[in-house]
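Asks: If you use mature numbering (1 follows the signal peptide of the UniProt record, and there is no 0), the sequence shown corresponds to residues -21 to -1, 1 to 255, in order.
Keep in mind that the hints were calculated from the coordinates and are not lab data. Every value quoted in this text rests on a predicted model; they were computed, and no experiment measured them. Every residue gets a Cβ at the ideal spot worked out from N, C-alpha and C, and that includes glycine. Incorrect hints may have been included.
In silico PhoX-like cross-links for lysine-lysine, where the CA-CA straight-line distance does not exceed 20 Å [stated by the list, open to error]: (1) Lys226 to Lys179; (2) Lys128 to Lys226; (3) Lys127 to Lys89; (4) Lys127 to Lys179; (5) Lys187 to Lys250; (6) Lys187 to Lys128.
Label-pair distances were calculated between CB atoms; the ranges are [claimed, not checked]: (7) Phe145 to Gln217: 48 to 58 Å; (8) Gly106 to Glu191: 43 to 53 Å; (9) Pro255 to Gly97: 29 to 39 Å; (10) Ser200 to Lys250: 20 to 30 Å; (11) Pro64 to Gly97: 17 to 27 Å; (12) Thr143 to Leu210: 18 to 28 Å; (13) Gly150 to Gly109: 33 to 43 Å; (14) Arg189 to Asp236: 25 to 35 Å; (15) Asn153 to Met108: 42 to 52 Å; (16) Ser92 to Asn67: 49 to 59 Å; (17) Ala252 to Gln104: 37 to 47 Å.
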Amino acid sequence: MGSGAPTLVLACCVLLTFACGAGLGRAPRGAREQEGTKEPPLDHTERDEENHEKYSPRQGEEASASRCFRCCDPGTPVYQAIPVPQINITILKGEKGDRGDRGLQGKYGKTGSVGARGHVGPKGQKGSMGAPGDRCKNHYAAFSVGRKKPLHSNDYYQTVIFDTEFVNLYGHFNMFMGKFYCYVPGIYFFSLNVHTWNQKETYLHIMKNREEVVILYAQVSDRSIMQSQSLMLELQDQDEVWVRLFKGERENAIFSDEFDTYITFSGYLVKHAAEP
């Protein structure tokens, strides 16, 4: 028995281990038998179905994420890839802010070329009549007078008095004083015409107020002639324009008669002072 003793001991240990494992596997079934319910032993197929029902999730329940499954079991859940979360940018957009201050004006760009002329558009409708405008105010001043009597000089100056009235608009020329009085300020044109006396000197001035402006002169001659003088003056309100016979060392005279008018003095407004 010397060499076979170890072998016999090893075999006994294997049999003992197998017997203990079989006894432990049947312990739960023995407990059910003590409750009064005896179940027939299950074959391999029934055992697999029982394990599948035991470890499968019930109806209406989701499988636990920590439960393990064997790849060979039927109905093994297939795990899908978790999608990457997407951020909705529109919910991050804030409210519209206040309008900012206006920036500085930029530099002017280069002038472009002139474009082609466009087509003529349709004629528009006739507009409504506007309100009447202010009445245009016109300014007038004019006179023209003559003398039928001759005049000789003496030892003092004489104002030439006229006895014939051709035009005297608004009575601005005073026939008694022999003077034109300015009531409409502006620029005037004046003209003086006389007939000289043969063998006598003719010497007159056109006066503005007390100032000698221009002279009308003719030397002594054997025959008489018509002599004239004209000018333009800028007059203010109440200025006076008149003709004066000069006092000289020699006899000074102008000719006229009762039948014809040889001496005339005229003037009229050219431009009113208020006009541009």
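Asks: Which numbered hints turn out to be false for this structure?
Replies: 3, 6, 7, 8, 10, 11
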